[in-house]
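Residue-level listing of the chains:
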Amino acid sequence: MTKLQNKVAELFENGTINLMIGFKNALTNQPVPCFIENASQAELLIYTPECKNNLAVYLHKPEVKQSKKIGIFGNMATLRSIVQLTSENQFWDIEKTILTIDANDEVIVFANMEELETYVQENFPDISEEDLKLLAYLDSLTREERWNYWTEQFTACIKCYACRAVCPMCYCSQCTVECNQPQWVKVSSKTSGNMEWHTIRAMHLAGRCVNCGECGRTCPAGIPIHLLTARMNQDLFKEFGTRPGFSTKGEYALNTFKVDDKEGFIK
Amino acid sequence: MTKKVLSNNLSGNGINTFPMELKILTSANIPTFFNNLLQSGKVVVAPVLKKNGKVYFESVESYDQVSTDYIQTVFSAKSVVFPKVEELFSYTKKEDGSVEITNDMSNVPETVIWGLRPCDSSAFNYLTEFFLKENPDSYYKTRKERTTLISVSCAKADDACFCTSVGLNPGSTEGCDILLTAMGDFFYTEVMTEKGKALIDAKLFTDTEEKSKEEFLAKINIKFSIDEVKERIQNAYESSEWKHESMGCLSCGACAFSCPTCTCFDIQDEGTTENGKRLRCWDACGFGQFTQHASGHNPKTNQTARRRQRLLHKFKYSVENLGIVSCVGCGRCIRICPAHLNIFENILNVTKA
Amino acid sequence: MPDFEPKIVAFVCNWCTYAGADLAGTSRTKYAPNVRIVRFPCTGRIDFMLLMKAFENGADGVIISGCHPNDCHYTSGNFHARRRWITFRSLLDFIGFDIDRITFSWVSAAEGRKWAELVDEVTNTIRAKGPFTEISTLDSSKLKQLFYDEITK
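Chains as they are written, first to last, in the numbering used here: chain A, 162 to 428; chain B, -12 to 340; chain C, 248 to 400.
Some hints here could point you the wrong way.
Taking lysine-lysine pairs in the BS3-like style, the calculated list, with each CA pair at most 27 angstroms apart, reads [claimed, not checked]:
| id | chain 1 | residue 1 | chain 2 | residue 2 |
| --- | --- | --- | --- | --- |
| 1 | B | K190 | B | K206 |
| 2 | A | K222 | B | K41 |
| 3 | A | K222 | B | K190 |
| 4 | C | K361 | A | K185 |
| 5 | C | K277 | A | K419 |
| 6 | B | K143 | A | K168 |
| 7 | A | K213 | B | K264 |
| 8 | A | K213 | A | K168 |
| 9 | B | K264 | C | K361 |
| 10 | B | K230 | A | K230 |
| 11 | A | K294 | C | K376 |
| 12 | B | K210 | B | K41 |
| 13 | A | K168 | C | K361 |
| 14 | A | K257 | B | K230 |
| 15 | B | K128 | A | K185 |
From chain A, some residues computed to sit far from chain C (all C-beta separations above 10 angstroms) [to be verified]:
| id | residue |
| --- | --- |
| 16 | P192 |
| 17 | I269 |
| 18 | L293 |
| 19 | E339 |
| 20 | K351 |
| 21 | F401 |
| 22 | G402 |
Residues from chain A that face chain B, not an exhaustive set, calculated with beta carbons under 8 angstroms [stated by the list, open to error]:
| id | residue |
| --- | --- |
| 23 | V218 |
| 24 | F271 |
| 25 | I319 |
Quick caveat, the hints were computed from the structure, so don't treat them as lab data.
Quantities reported herein were computed from a predicted structural model and do not represent experimental measurements.
Think of the CB as a built atom: it goes at the ideal place given N, C-alpha and C, for glycine as much as any other residue.
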């Protein structure tokens, strides 16, 4: 058994957790999220660089929350999501034990949120090289070219809402698109309806998204929607100095303000 | 194998009685055949490789755009006969207060879907049965009448394919008008219907005797016995395995939207009191609100219930309602799922003895 | 385009800009009649989607205006609005929307003249730009359809 598997078995045995969310190998030979309920299943757990899913999203699921004492394995994206969700006070009804594997292959079990916050702040990742290149490419286009690019992308969207489903920050029990009095966002997956959806999503995530990139990775139509929130985060950091997933204090770009926020464009 | 054989005619009841014709098309003539289809004024929908490295069905303008080296497209081709957004009618209030309702299907073009896999064309049988059996859907009927299906046999498969477990195989002719099987420098062509025959150009195709496709088809291990599954699933509703098998499900609609046999839809009106349209949009049983009543009650209270519904529908309720298992083993749901849920793994676990 | 008269929608707050527009009226100030005013209790109430909806329904330009910072009738509504505008403007620019068609301003209840001048300026700018067709033609334009979706309609 690996260090991780041993540690998890130990946590089950001493009653710290009664459910563990982690990764295992699937039949189709790729890591998949898995849910372990006792020590004997701990040997299923794996961790490789291919374990990219952001598992924090499962901490909102009612079937998972039934377990009350939840262990969760975090890659960096998951850890940052947990920090951000803590700042939004979303874990009031469960006890969670957070594990990760550091750069030296050691298993860390965070004793409390301060430890987690320190770890995350010390290892806070930058936006990936690939995404920076894509953003630079989009910046190099003229306004009309950018409009053509995005409207073509939005035409491909089928409104499956996989992007919303995988995002740990999208935890509203009734999403704004599910409200039909009035039907604020069009249900149909024509281009205009898709643009409405992606705009509203980007705005509701602005200042909260931790740039895990899951939405873009998961989109079946291959739309790089993670770039929308990545750009938001870049701009909000420039303007307001805020970084989602950095601190467990409850302030982020759009729920606070400063009296002297710059406003050059306002007449 | 008790899979019911459906005909390719639109009434969906009866066996295909067209006498199959066997032809040879040389590989060199494929682009010509393809471009002739385009030139005849038909819309041709074929698999195209996109920048993200995956293959999608798109309407194309030349054979150069068609992708041939792939296992399966991300989305099915059902959008040709069941679009993701379909205008059912438009309405306009006239000056005298009356309302004019317009529905014009005359512009739906003659279409050829090229490069379907045998699992996909078999799925069209299910769609026809579903849309036309009891209350014929005129929109589907019009689109299907104007669509010809050209399938290509599978030489390759991956871990997510399981057509052989649901009574199909990579060289099956179910549901298509023409099936092409690559055999070296030519394509063995099985012409299955009048519609298919109408596309055959005698200058490009030559007659041939029956050939064996076996050695040119992908080898797909059987994951389960469909008869055993159909029997055991009768008692699977109460299985305690469902909760564990659905834990990963995040209730998006990706599996339903990519599935070639999923037909659920939502009706939406877009417009004002003066004019607007009524639209039919894809919907998915995985969404939390799918079974939400206006009273606030939701009979499917959690994701476990919803995932169970989806799997039972494919393997039990379709059999009860329409006589066929509606899963065709294409594997799209497995490849697309953000949480990597695996339908045949789930089925095996809930029907364990 | 000589015959084109732009349609400008203005989302304004009740206590400052609406009152300012009222003052422009009672002072008999002449200004462009192209603006349609929608009254809100505060700019903090203005949902960014309203802007998109305005364009979808045929607006050629949009004005958003409210109380000056520190003068908000509800103390801090306009501060929140300002942050929201900064964010939304950045998003719109990123997706290639023409943000010059949206004008933000602070117009107080005493600034009737400023309101009139603002509307004139915006109307002239939009008139020069021409009608806004990018959003209303989105669904029927001949974009390459990833799906065979209403190609005929």
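Here's how the hints hold up against the structure:
1. Proximity of K190(B) to K206(B) is assessed by CA-CA distance (about 34 angstroms); at most 27 angstroms being required, the pair is judged violated.
2. Proposed proximity of K222(A) and K41(B) is contradicted: the alpha carbons are some 31 angstroms apart, above 27 angstroms.
3. Taking the CA atoms of K222(A) and K190(B), the gap is near 62 angstroms; set against the 27 angstroms cutoff, the hint is violated.
4. Restraint check for K361(C) and K185(A): the C-alpha separation of about 65 angstroms exceeds 27 angstroms, so the hint is violated.
5. Pair hint K277(C) plus K419(A) does not hold up; C-alpha atoms about 37 angstroms apart against a cutoff of 27 angstroms.
6. The suggested pairing of K143(B) with K168(A) is violated, with an alpha-carbon distance near 42 angstroms, which exceeds 27 angstroms.
7. In summary, the hint linking K213(A) to K264(B) is not supported, as the alpha carbons are separated by about 42 angstroms, beyond the 27 angstroms threshold.
8. Taking the CA atoms of K213(A) and K168(A), the gap is near 21 angstroms; set against the 27 angstroms cutoff, the hint holds.
9. About 42 angstroms separates the Cα atoms of K264(B) and K361(C), which puts this hinted pair outside 27 angstroms; it is violated.
10. For the suggested pair K230(B) and K230(A), the alpha carbons sit about 18 angstroms apart, so the restraint of at most 27 angstroms is met.
11. In summary, the hint linking K294(A) to K376(C) is not supported, as the alpha carbons are separated by about 32 angstroms, beyond the 27 angstroms threshold.
12. Distance hint between K210(B) and K41(B) is fulfilled; the C-alpha atoms sit about 26 angstroms from each other, no more than 27 angstroms.
13. With a C-alpha separation of about 69 angstroms, the suggested pair K168(A) and K361(C) falls outside the 27 angstroms cut-off, and the hint is violated.
14. For the given pair, K257(A) sits about 21 angstroms from K230(B) by alpha-carbon distance, which is consistent with the 27 angstroms threshold.
15. For the given pair, K128(B) sits about 46 angstroms from K185(A) by alpha-carbon distance, which is inconsistent with the 27 angstroms threshold.
16. Residue placement check: P192(A) keeps its beta carbon more than 10 angstroms from all beta carbons of chain C (closest about 29 angstroms).
17. With a least CB separation of 35 angstroms from chain C, I269(A) remains clear of the 10 angstroms interface cut-off, as annotated.
18. The Cβ of L293(A) lies farther than 10 angstroms from every Cβ of chain C, with a closest approach of about 14 angstroms, so its non-interface assignment holds.
19. Every beta carbon of chain C lies more than 10 angstroms from that of E339(A), the smallest distance being close to 15 angstroms; the non-interface claim holds.
20. Its beta-carbon lying about 4 angstroms from the closest one in chain C, K351(A) breaks the requirement of being farther than 10 angstroms from that chain.
21. Residue placement check: F401(A) does not keep its beta carbon more than 10 angstroms from all beta carbons of chain C (closest about 8 angstroms).
22. Against chain C, the non-interface label of G402(A) holds: every CB pair exceeds 10 angstroms, the least being about 13 angstroms.
23. Because the beta carbon of V218(A) sits about 6 angstroms from the nearest beta carbon in chain B, less than 8 angstroms, this interface hint is met.
24. Because the smallest distance between the Cβ of F271(A) and any Cβ of chain B comes to about 23 angstroms, over 8 angstroms, the interface hint for this residue is violated.
25. Taken as an interface hint, I319(A) checks out: its beta carbon lies about 5 angstroms from the nearest beta carbon of chain B, inside 8 angstroms.
Against the hints set out earlier in the document, violations occur for numbers 1, 2, 3, 4, 5, 6, 7, 9, 11, 13, 15, 20, 21 and 24.
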